[in-house]
Amino acid sequence: MHALLRRPTILLCLALLATGCISHKKSRQAMEMAPMEDHVVVGYDASGSPLYANESAGDAVGENRLMVWTGDLTLETADVANAADRAIAIAHRSGGYLESRSDSTYSGTTLKLRIPAQAFTNAIGALETLGDVAGRRLSSEDVTEPYVDVEARLKNKLVLRDRLRQLLDQATEVKDILAIETELNRVQGDVDSMEARLKSLKGRVDYAALHLHLRPKELKPRKILGPLGYLFKGLFWTVEKLFVIRE
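Residue numbers for the sequence shown follow the working numbering, beginning at 208 and rising by one.
These are computed hints drawn from the structure, not numbers from a lab.
Computed from a predicted model, the values in this text were never measured in an experiment.
Don't be surprised by glycine CBs; every beta carbon is placed ideally from N, CA and C.
Pairwise CB distance ranges, derived in the manner of DEER restraints:
| no. | residue 1 | residue 2 | range |
| --- | --- | --- | --- |
| 1 | Q373 | T328 | 49 to 55 Å |
| 2 | K424 | A333 | 17 to 23 Å |
| 3 | Q377 | S347 | 48 to 54 Å |
| 4 | P353 | N289 | 38 to 44 Å |
| 5 | S407 | G302 | 17 to 23 Å |
| 6 | S307 | L345 | 16 to 22 Å |
Please put together the full structure from these sequences, using the hints given.
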């Protein structure tokens, strides 16, 4: 008798959880679409509350914006191999590391270096001493709002996961257990995906990415004179000597 009463209760809880998730999505979409005195939703804070254009995500996390820095630096050097070794050493001294390397006999070497964001500028200055700068480009991306949004959705998913686990502990019928486990696996998949997303964003913020292109410095080709060339060169030398005034 208790099992018969408990099963509808569990199924009702699952339905309410699913309805809650759907209503949360609908209410969130409605808040984004509804006019609110010219306030535009630009993100959500850690509690899931909407952030408007005049209340950016940065207000929720303080003045520290989450910036992703990337750069491309092209250097011309007489010794590509030596410059590559020194560049890797500079990255290590800065607290960074070599992520990938590509070598070519003709085009030189390309290094992808990961350097702590706080040491990025100084590291670039040190790298520029390894050769002649042929190209330089730096760019940044503000990922504060995506990070805060994923963080808020993750928090909601964790609460839902805990509720499902409680229901699973209370379930006695096989059908109920299977239904709860199916939903729990789906929610856990969402949690894993969001945690991986946050980890990726955090890694990109903490370590700037620099693509360093080292190419061999072009040497001026030596002119090879033909017979007439040597004749005119000798004639020019003779004429030059004739007009030299000896003291």
